[in-house]
Amino acid sequence: MTEKNVVTAIRDALHDEMVADDRIVLLGEDVGNRGGVFRISVGWMEEFGEERVIDTPLAEAGIVGVAIGMAMHGMLPVAEIQFADFIHPAFDQIVSEAARIRYRSNGAFGCPLVIRTPCGGGIHGALYHSQSIEAFYAHVPGLKVVMPATPADAAGMLRAAIADPDPVLFLEHKKTYRAVTGEVAEGRQMVPLGGADVKRQGTDLTCVSYGYALHTCLEAAARLHDDEGISVEVVDVRSLAPLDTTTILASVRATSKAMVVYEDNRTYGAGAEIVATIAEEAMFDLDAPIVRIGGPDVPAMPFATPLEHYFMEPEPDQVYRRMRDLAHA
Amino acid sequence: MTTQVAPTPHGALGLGDDDIVAMYRIVLTARLLDEAALRQNRMGRAPFVVPAEGHEGCQVGTAWAMRPGTDVWLPYYRDGGVVLTAGMTPYEIFLGIFAKADDPSSGGRQMPSHWGHRSLGIITGSSPIATQVPHAAGIAYAIKYRQEDAVVACWFGDGATSEGDWHEGLNFAGIHRLPVIFVCENNHYAISVPQSKQMAITDVADRAAGYGFPGVVVDGNDVLACYAAMKQAHDRARAGEGPTLIECKTYRFLGHTSDDDDKTYRSRDEVAEARHHDPLHVFGHYLREAGVLDEAGMEQMRAAVKSEIEEALAAAWDAPDPEPESALRHVFAEDADGSDA
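If you read the protein sequences in the order shown, they are chains A and B.
Going letter by letter, the first sequence gives residues 1 to 329 in our numbering.
Going letter by letter, the second sequence gives residues 1 to 341 in our numbering.
So that you can see chain A by itself, here it is in the shape it has in the complex (with noise of 0.2 angstroms):
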């Protein structure tokens, strides 16, 4: 076991891979060169070569539709999008492509693609350096759509991605890059796609969260079992498509108190999916009403450190105050 951060654990993960495995391909804006603007691959277009190491033109539709082609030719590209922020004119190459080739082919065509991308705010990224866009592909069958959030599963579960045969969306918040450390096993050891995580356990509620707001969940839970015993079980989503709904469910039915927490704005969300698969499927199982706590419904993350600040916790210390008054609800 080696302590990493986040970055370094994907860092590290990628280039075992590509070792590995010479049908791996990097493909992205300054993936090259400059080894990325979060320096993954800094010298391994010298050392892959620059037909594995691809800097591409500023254009994400190409990025991801060459990519596309690539997987579909016996690679395995894994294509970087700079900034979540910046996928969006990929949006019709991921959706109406990647995502349908299996299911509009009968089964005949695969799509064994990884498109990374940081997402997320806090770290004064304003409007288009902060965005939470998992939501928009979870809806998308036939994609699958990951966020871990510590250094081990970044790690598995991107083996598990590159070794996926379909289409997979691999978010890395960018707030946990350096922030967040912890223990990396030695070895290619995969954590496999579609499972949700217990990250801490407890008996008094289940708190829900998935990206860094876990992270903010945890520190939460563990002050109030410090101030008050309270203990609480937090669930890490890891991968919001498909959807384990079976641990969440199975761990609100034995504490019988539910919230969910999510970074991006709240209408909408993951979240919601979330809690209404809780509502749907445990309903008599609760004591109290599900709690749920998402980004406020403006159009994006500002710049001004206050109004960042107002955006990541509306309220201060939101999380651990609602999660005090569910457990005594």
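Simulated from the structure, these hints should not be mistaken for laboratory data.
Where is the CB? At the ideal position from N, CA and C, for every residue including glycine.
Hints are supplied without guarantee of correctness; some may be wrong.
Computed footprint of chain A on chain B; a stretch qualifies when at least three of its residues, placed anywhere within it, have a C-beta under 8 angstroms from a C-beta of chain A [unchecked claim]: (1) 26 to 40; (2) 101 to 107; (3) 168 to 180; (4) 326 to 332.
Which chain B residues stay away from chain A? Per the calculated CB distances, all over 10 angstroms, these [unchecked claim]: (5) 9; (6) 14; (7) 19; (8) 45; (9) 47; (10) 68; (11) 87; (12) 196; (13) 202; (14) 232; (15) 258; (16) 259; (17) 265; (18) 300; (19) 311; (20) 319.
Over the 10 angstroms line for every Cβ pair with chain A, so calculated as not near, a few chain B residues [unchecked claim]: (21) 191; (22) 262; (23) 284; (24) 301; (25) 310.
On the provided structure of chain A, position chain B as indicated by the hints.
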């Protein structure tokens, strides 16, 4: 009827008499298949069809330079002549028109003419325009990376050349000098929008200059000229010299689809004038003039193709429909290695 003999003798292109007879047979098959499909539509047995009428010459001419079984094909929805040349049968095409379980393109999931045929190397396509262009570049990149002796060809209409995906695909192909041929079947209309409102240039081929590879204009009604341009592009691609953009000037004789009424945007005079240059008749005239196929031979062929199409149509009509619950299959791979074809 005024027709012109195609100026390039087939022998000079390395084509034997048998080759051009076979090419003519595919052009004729595409035409008669279209007519039969449209009748099925008007009879209420086919909800939607996409006629190729007028385009068959440039489709078969360009496709003939490809190597079935080796090269990779990305046709667009009007390319009946292309997929017939690639090896799809009229029966398979009617399976798609009637949305049958054994339709090789999609098992009846997609509208007709959304081609795909794994074993023939025809890549599955969609309805959004020009999305297949970057795929062609990516496949060509993989071919180059894997050092395969294969060439990719990607067909599209003039309308496609306005899409961002089209530019992004050609640009990437140019940068990496990929073994890919881009074929524009320019019929001068994006459904109803005339070329003059799509672009400020006369020749789509001019755009190739922006991507650093040759653009070629060819008479799309001249099957052999289309073949010649494509053969040259194919040779260039195999030699590592990179992509070519071929613009075939053609015309669509019928509506955009069975749901379109082209009388709302084109004069009948314009269509009638275009029909004077019908590639089927131009090519037929060439074959007669060259002494390769006489009038009687042509009539014989027409009868044979007609009966082949009628048989294919009847067999496809009787083929099984997809099972309703199969609508849930193939969202994700059913086998871990993704080979659940």
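Okay, the hints, checked on the actual structure:
1. Counting residues of the region 26 to 40 of chain B whose CB lies closer than 8 angstroms to any CB of chain A gives 0, which falls below the minimum of 3, so the coverage claim is violated.
2. With 5 residues bearing a CB less than 8 angstroms from a CB of chain A, the region 101 to 107 of chain B meets the requirement of three and the coverage assertion stands.
3. Counting residues of the region 168 to 180 of chain B whose CB falls under 8 angstroms from any CB of chain A gives 5; the rule of at least 3 is met.
4. Proximity of the region 326 to 332 of chain B to chain A, defined as three or more residues with a beta carbon under 8 angstroms from a beta carbon of that chain, is established by the 4 residues found.
5. With a least beta-carbon separation of about 37 angstroms from chain A, residue 9(B) lies farther than 10 angstroms from that chain, consistent with its non-interface assignment.
6. Under the 10 angstroms C-beta cut-off, the non-interface status given to residue 14(B) relative to chain A holds; the minimum distance is some 29 angstroms.
7. Non-interface status of residue 19(B) relative to chain A is upheld: no Cβ of that chain comes within 10 angstroms, the nearest being about 29 angstroms off.
8. The claim that residue 45(B) lies off the interface holds: its Cβ sits roughly 22 angstroms from the closest Cβ of chain A, which is beyond the 10 angstroms cut-off.
9. Residue placement check: residue 47(B) keeps its beta carbon more than 10 angstroms from all beta carbons of chain A (closest about 17 angstroms).
10. No Cβ of chain A comes within 10 angstroms of the Cβ of residue 68(B); the nearest lies about 17 angstroms off, and the non-interface call holds.
11. With a minimum CB-CB distance of about 15 angstroms to chain A, residue 87(B) clears the 10 angstroms threshold, and the non-interface call stands.
12. Every CB of chain A lies more than 10 angstroms from the CB of residue 196(B), the least distance being 27 angstroms, so the non-interface label holds.
13. Listed as outside the interface, residue 202(B) is consistent with that label: its C-beta sits roughly 27 angstroms from the nearest C-beta of chain A, beyond the 10 angstroms cut-off.
14. Taking the minimum C-beta to C-beta distance to chain A, about 24 angstroms, the non-interface status of residue 232(B) holds against the 10 angstroms cut.
15. Every CB of chain A is more than 10 angstroms from the CB of residue 258(B) (nearest about 21 angstroms), matching its label as outside the interface.
16. In this structure residue 259(B) is separated from chain A by more than 10 angstroms, as the shortest Cβ-Cβ distance comes to about 21 angstroms.
17. With a least CB separation of 26 angstroms from chain A, residue 265(B) remains clear of the 10 angstroms interface cut-off, as annotated.
18. With a cut of 10 angstroms on Cβ distances, residue 300(B) stays outside the contact zone with chain A, its closest approach being about 37 angstroms.
19. No beta-carbon of chain A comes within 10 angstroms of the beta-carbon of residue 311(B); the shortest separation is about 25 angstroms.
20. Against the 10 angstroms criterion, residue 319(B) stays outside the reach of chain A, whose nearest CB is about 14 angstroms from its own CB.
21. Annotated as non-interface, residue 191(B) keeps its C-beta farther than 10 angstroms from every C-beta of chain A; the closest such distance is 19 angstroms.
22. For residue 262(B), the requirement that its beta carbon stay farther than 10 angstroms from each beta carbon of chain A is met, with the minimum near 27 angstroms.
23. Residue 284(B), annotated as away from the interface, keeps every beta carbon of chain A farther than 10 angstroms; the closest lies near 36 angstroms.
24. The beta carbon of residue 301(B) sits about 33 angstroms from the closest Cβ of chain A, which is more than 10 angstroms, so the claim that it is off the interface holds.
25. Separation of residue 310(B) from chain A is adequate, the least Cβ-Cβ distance of about 27 angstroms exceeding the 10 angstroms criterion.
The structure does not agree with numbered hint 1 stated previously, though it agrees with all others.
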